[in-house]
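Number of protein chains: 2
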Amino acid sequence: VDAVMLAKAQAKLDKKTKPLGSLGRLEEFARRFVAITGDLQPDTAKKIVFTFAGDHGVVEEGVSAFPKEVTPQMVFNFLRGGAGVNVLARHTGAEVRVVDVGVDFDFEPTPGLIIDKVAKGTRNFAKGPAMSREEAIAAIEVGIGLANRAKAEGVAMLGTGEMGIGNTTPSSAIIAAISGKTVKEVTHRGTGINDAALSHKIRVIEQGLAVNKPDPRDPLDVLAKVGGLEIAAIAGLVLGAAANRQPVVIDGFISTAGALIASELNPHVKEYIFAAHESVEIGHRFMLDRIGAEPILDLKLRLGEGTGAALAMGLIEAGVKILKEMATFEEAGVAEGEY
Amino acid sequence: VDAVMLAKAQAKLDKKTKPLGSLGRLEEFARRFVAITGDLQPDTAKKIVFTFAGDHGVVEEGVSAFPKEVTPQMVFNFLRGGAGVNVLARHTGAEVRVVDVGVDFDFEPTPGLIIDKVAKGTRNFAKGPAMSREEAIAAIEVGIGLANRAKAEGVAMLGTGEMGIGNTTPSSAIIAAISGKTVKEVTHRGTGINDAALSHKIRVIEQGLAVNKPDPRDPLDVLAKVGGLEIAAIAGLVLGAAANRQPVVIDGFISTAGALIASELNPHVKEYIFAAHESVEIGHRFMLDRIGAEPILDLKLRLGEGTGAALAMGLIEAGVKILKEMATFEEAGVAEGEY
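Sequence lines, in order, name chains G and P.
Numbering-wise (our numbering), the first sequence opens with residue 1 and increments by one.
Numbering-wise (our numbering), the second sequence opens with residue 1 and increments by one.
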């Protein structure tokens, strides 16, 4: 991003009626938003959370507390506006766009649903690759295409989210593959499995890594062999947003796995990423450090869908409004402090 | 608060289309809001941040980076809508009410300004008591009166804020008096003073405590001798909100000193308090622990005014909307998980 714009934004913030730097991270959000967009008076009105849905063959190994049928059931819940992400996006004035990039269900064309299906779910990565390299690229291209369409529509800020029963399992597999950490160090309870199920989940991921041998220096290889279609689409949305100079707010654990793939493919994208929140899932911190992102919220969320992204967008927008709407010392006739 | 209502709220949350507990602190906010108000479908629309303004005689000791004249100047900035709290309250849909409880300036009656002046600032506590006990009580009653008026108007949630050049100094004095910690352990840079000024500020507070000998078992004595008029009014607002079963969101360091006085006077008020954010000021953590409140945000804010309270209100409201607006598993036809 543009260092001159960063400095210009901070200079403008420093004239506002407040002690220097006293609005902390709100000032950081404003500064980065300006540097990303190249606009000292950036618009924030139009915000979209993309909730990518996909299924996972590895669910047949019993890694999740929920049956696979919940993925399409939740897609219908999103379309009716009844899910957590709908409630929180309405609250912060964001639109939710639901994208079927890989659900194992044939949806009828429905308003609000983008059907861009690459496959009817991934294959079971405990037994072989989850996707072909071509499928992984196609799913990335779905995300890039949506970012481009959003840019053309004048959207100010993009958010990521996902729905896919079992998708903490490929996320942990991606982290283990890229970090070289043990599976145990980066695998947690997902939606709420017990100790025995957690041990089983760890063994399934270990098996998947042993069977597929993903190459950590080749992020596409990791994504294809042990990732997911919605994770690939998130990586694509991040790549597209960065190419278009748009801020992109990544949700929790699974979205961060997608953003990690994007930033391994092209480290420049890191500058366009806002991390919505600290996830309860272990392994999240490694990814955030690798991406260089400091989470905005810590509300112990572990739902996904884009819920954290929807909330964080509201706080980023608040920071931009500080830049745009606050009076300066001169305008307000307020004496400046002596530091 | 009502334990039965807490349980009822959680039972309602547990039927929503999400893994149990997966919305973390948003669920806590909803649960507590229900228990405080006694309403399973609580309204959150009407929110007010009260920004209490007062001056401090101790400023003549040179404890602040800003001159005392900034207090009335900032009051005019609030009334014109140009200050940080105005921007953030507009963003989250809260109203700002500015209260002159102790500014050393004669305001003309102005729309949006509540003139409830107890004195034209406190006296210099480095040389004697900041207030008489009667003045401290009168300022507390200002806050109680405003909480009662808000209750009558059907306000759903109250927030605290303040403006008073020099007011981190009495706040640190209050903490030192109540905690028994050294002044150095609970005194920080306020709006941004340098090392030499910080050492001086610490000496001034030490002198004030030595001169006044506030009794830690008598919170009113501490408040009157080394506190402030706006801090007293905040204590009153917290007491009034709790008595009226209304949630009250306390802002940062100075507001928390007010809430600490309230909770030392009546420990029951703790259950009605939401702590908006982790302040950069040292000493804040002691107060939060004593009140038993876990801050909602950590955005490195140190402006005051009610800026953090305005933002946190938006997140608390988000939690209540989860309770009210999310679909249940039954409504959405979604299969529940097996835990």
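Calculated from the structure, these hints are not laboratory results.
Certain hints may be false.
No copy labels: a pair is met if it fits in one copy or bridges any two.
What the hints assert, rightly or not - Under the rule of at most 30 Å between Cα atoms (straight-line distance), these lysine-lysine pairs were calculated in the BS3-like manner:
| id | residue 1 | residue 2 |
| --- | --- | --- |
| 1 | K15 | K300 |
| 2 | K15 | K213 |
| 3 | K8 | K127 |
| 4 | K151 | K184 |
| 5 | K184 | K321 |
| 6 | K12 | K68 |
Going through the hints against the structure:
Taking identical chains as interchangeable, the C-alpha atoms of K15 and K300 lie at most 30 Å apart only when they sit on different chains, with a minimum of 19 Å there against 36 Å within one chain. In the homo-oligomer, the alpha carbons of K15 and K213 never lie at most 30 Å apart, since the shortest distance is 55 Å inside one protomer and 41 Å across protomers. In this assembly of identical chains, the alpha carbons of K8 and K127 never lie at most 30 Å apart, being 54 Å within a copy and 45 Å across copies at closest. Taking the shortest Cα distances, K151 and K184 never come within 30 Å of each other, neither inside one copy (40 Å) nor across copies (52 Å).
Proximity of K184 and K321 under a CA criterion of 30 Å is satisfied in neither setting, with 43 Å inside one chain copy and 36 Å between copies. Proximity of K12 and K68 under a CA criterion of 30 Å is satisfied inter-copy only: 25 Å between copies versus 51 Å inside one chain copy.
Against the hints set out earlier in the document, violations occur for numbers 2, 3, 4 and 5.
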